[in-house]
Amino acid sequence: MRDVAVVAFSQSPSVRRETDCNEVEILIPVIHELRTNAGITNEDVDFVCSGSSDYLAGQSFAFVSGLDAVGAWPPVCESHVEMDGAWALYEAWVKIQMGYAELALVYGFGKPSMGDLPLTMALQLDPYSVMPLWPDAVSIAALQARLLLDDGVVSERDMAEVAVRDRANAKQNPYAQVKGDFSVDQILADPYLVSPLRKHDCSPISDGASAILLAAGDRAKDLCKRPAWIRGIEHICEPQDLGVRDLKRSRSTEIAAEKAGVRAGKIDVAELSAPFTHQEILVERALGLGSETSINPSGGALAGNPIMAVSADRAVAHATSGPCLQQNLICVLEG
Amino acid sequence: MSSTDESSLTASHKLEYSYKRSLGPVLSRFFTGIRDRQLLGAKRADGTVMVPPKEYDPDTAAALDELVPVGPGGIVKSWAWVSEPRRQQPKDHPFAYALIQLDGADTPFLHVVDTNDEAAMKTGMRVTATWADEATGAITDITFVPEDAR
Chain A
62 MRDVAVVAFS
72 QSPSVRRETD
82 CNEVEILIPV
92 IHELRTNAGI
102 TNEDVDFVCS
112 GSSDYLAGQS
122 FAFVSGLDAV
132 GAWPPVCESH
142 VEMDGAWALY
152 EAWVKIQMGY
162 AELALVYGFG
172 KPSMGDLPLT
182 MALQLDPYSV
192 MPLWPDAVSI
202 AALQARLLLD
212 DGVVSERDMA
222 EVAVRDRANA
232 KQNPYAQVKG
242 DFSVDQILAD
252 PYLVSPLRKH
262 DCSPISDGAS
272 AILLAAGDRA
282 KDLCKRPAWI
292 RGIEHICEPQ
302 DLGVRDLKRS
312 RSTEIAAEKA
322 GVRAGKIDVA
332 ELSAPFTHQE
342 ILVERALGLG
352 SETSINPSGG
362 ALAGNPIMAV
372 SADRAVAHAT
382 SGPCLQQNLI
392 CVLEG
Chain B
469 MSSTDESSLT
479 ASHKLEYSYK
489 RSLGPVLSRF
499 FTGIRDRQLL
509 GAKRADGTVM
519 VPPKEYDPDT
529 AAALDELVPV
539 GPGGIVKSWA
549 WVSEPRRQQP
559 KDHPFAYALI
569 QLDGADTPFL
579 HVVDTNDEAA
589 MKTGMRVTAT
599 WADEATGAIT
609 DITFVPEDAR
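Quick note, the sequences are listed as chains A and B, same order. So the first sequence is numbered by my numbering: it starts at 62 and just counts up by one. So the second sequence is numbered by my numbering: it starts at 469 and just counts up by one.
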């Protein structure tokens, strides 16, 4: 295994509706800031990988235009995943492991405000037996939440406490979208959005972009005083059918955490990207995190666009995809 | 060229996929069953029955081809109340999405329960499938209602 590290990171603020910029225009300052901070130019990068979803733009190959933010010259070796940027990072990590790249630029972007995001998410479900019913993402998550509530695995108060914690943490994060001091009793008095979920149980809809620079070995040490070394990275996917999965735990997170070596040492910081409060609890439990870990100092997905944690001795980053935590990626960083 | 020039060439254009996709051996039987007012599940190697059936077992990847009748009654294992349905969703009034475990099945599947209000919904309640007047062989041919409301 080659040593690979995150050497630079940049992001745009998470906003509910970016009205003045298209996706490329959101990305351009993010990519520019990344290259400036790392002191590199386009010529130095030998692999570019992006994560986004054409379904958000409602246009096939919409991701190609994203490359305009990187620049088309000199010719780049490039790839794209129709997934969160965390999976683009995984592909870049593999590329470096294979010896095909030393320095990789990874970015992710999304502008869901152009459509009805919860409904767009229905398009990822089985196209014959589920999708024609148009179950929106909030309803699907609500089905999982009620399973947990009925069985006493979580309570509505537990879920509200997660929202209060993340929104309070997000006050320190200038890029976060939903932040502030809330009381559990106050938000529990709100009406249901899709019963049993209230608005605070759902992540906000965010337009935004982020970018990361990955470097191998000595290259990482040259570019960065304190690189965040990737000590383990793994992603696991569960079956498509909700009915055959155990929705009361996140088995894929448990397996990914085991393979990525989460428990091999103390975790100082964990950034969990779970889009619903009950799912954040499931991920936290699947990772076996305790009181020694600071969870979501950025505010996590419930406060806006998640960021990678790079300021601790040992951190774990999480990303998810699909309905009800179907697919999960775990990355352990040390620096 | 003026807009009234009747010699202008015109051509109709319909945006569509010019091909059809087969549902395959298992889902074809499932949806033909729905058209014929019969719900089917797939029997797995361990004897359990999954609905909707799949061509391959999601855990063992073994091919599945034995379909058995299930339902039309079943139990609500979980539900979500949609108080403000979107235009595309199956009802134009408040309804529930539910995970329903049909009689004879071991896994729940997602469908719709049509009740007049949220207070009528309860985990563990019994529901039964009702069919549209004209079944076309689609998942939207059926809707579930509380068994005691029939």
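Careful, some of the hints might be misleading.
[Unchecked claim] Straight line, CA to CA, 20 Å or less: simulated EDC-like cross-link-like pairs of lysine to aspartate or glutamate: (1) B/Lys545 / A/Asp307; (2) B/Lys511 / B/Glu534; (3) A/Lys286 / A/Asp212; (4) B/Lys488 / A/Asp187; (5) B/Lys590 / A/Glu395; (6) A/Lys260 / A/Asp307; (7) A/Lys309 / B/Asp527; (8) A/Lys232 / A/Asp283; (9) B/Lys545 / A/Glu217.
[To be verified] Ranges between beta-carbon positions, derived for each pair: (10) B/Ala588 / A/Arg63: 56 to 66 Å; (11) A/Lys282 / B/Ala529: 43 to 53 Å; (12) B/Ala617 / A/Phe122: 46 to 56 Å; (13) A/Asn98 / B/Pro493: 54 to 64 Å; (14) A/Gln247 / B/Arg555: 44 to 54 Å; (15) A/Gly132 / B/Ala600: 32 to 42 Å; (16) A/Asp219 / B/His561: 26 to 36 Å.
[Unchecked claim] Calculated from the model, a selection of chain B residues having no Cβ within reach of chain A, i.e. all distances over 10 Å: (17) Ser475; (18) Ser551; (19) Asp560; (20) Glu586; (21) Thr598; (22) Glu615.
By construction, these hints were calculated from the structure, which means they are not laboratory data. Note that beta-carbon positions come from the ideal geometry of N, C-alpha and C, so glycine has one too.
These are the hints, each one checked on the structure:
This hinted pair checks out: B/Lys545 and A/Asp307 have alpha carbons roughly 13 Å apart, not beyond 20 Å. Between the alpha carbons of B/Lys511 and B/Glu534 the distance comes to roughly 6 Å, so the proposed pair stays at or under 20 Å and holds. The hinted pair formed by A/Lys286 and A/Asp212 fails the criterion: a straight-line CA distance of about 49 Å is larger than 20 Å. Simply put, B/Lys488 and A/Asp187 have alpha-carbon atoms about 17 Å apart, close enough for the 20 Å limit, and the pair holds.
The suggested pairing of B/Lys590 with A/Glu395 is violated, with an alpha-carbon distance near 48 Å, which exceeds 20 Å. Using a Cα cut-off of 20 Å, the hinted pair A/Lys260 and A/Asp307 is violated, with the two alpha carbons roughly 25 Å apart. The straight-line distance between the Cα atoms of A/Lys309 and B/Asp527 is roughly 18 Å, inside the 20 Å bound, and the hint therefore holds. Restraint check for A/Lys232 and A/Asp283: the C-alpha separation of about 33 Å exceeds 20 Å, so the hint is violated.
Only pairs whose Cα atoms come within 20 Å are accepted, and B/Lys545 paired with A/Glu217 is accepted, the gap being roughly 18 Å. Taking 56 to 66 Å as the suggested C-beta distance range, the pair B/Ala588 and A/Arg63 conforms, at roughly 60 Å. At roughly 44 Å, the beta carbons of A/Lys282 and B/Ala529 sit within the given window of 43 to 53 Å. Distance hint check: the CB atoms of B/Ala617 and A/Phe122 are about 49 Å apart, consistent with the given range 46 to 56 Å.
Taking the beta carbon of each, A/Asn98 and B/Pro493 are about 56 Å apart, inside 54 to 64 Å as hinted. Checked against the hint of 44 to 54 Å, the pair A/Gln247 and B/Arg555 fails, with Cβ atoms roughly 33 Å apart. The hint said 32 to 42 Å for the Cβ distance between A/Gly132 and B/Ala600, and at roughly 55 Å that hint is violated. For A/Asp219 and B/His561, the hinted distance range of 26 to 36 Å is satisfied, since their beta carbons lie about 32 Å from each other.
The beta carbon of B/Ser475 sits about 35 Å from the closest Cβ of chain A, which is more than 10 Å, so the claim that it is off the interface holds. A cut-off of 10 Å between C-beta atoms contradicts the statement that B/Ser551 is not in contact with chain A; the least separation is 7 Å. Taking the minimum C-beta to C-beta distance to chain A, about 12 Å, the non-interface status of B/Asp560 holds against the 10 Å cut. The claim that B/Glu586 is not at the interface with chain A is violated, since a C-beta of that chain comes within 10 Å of its own (minimum 6 Å).
Listed as a non-interface residue, B/Thr598 keeps its Cβ farther than 10 Å from every Cβ of chain A; the least gap is roughly 15 Å. Non-interface status of B/Glu615 relative to chain A is upheld: no Cβ of that chain comes within 10 Å, the nearest being about 20 Å off.
In this structure, the hints that do not hold are numbers 3, 5, 6, 8, 14, 15, 18, 20, in rising order.
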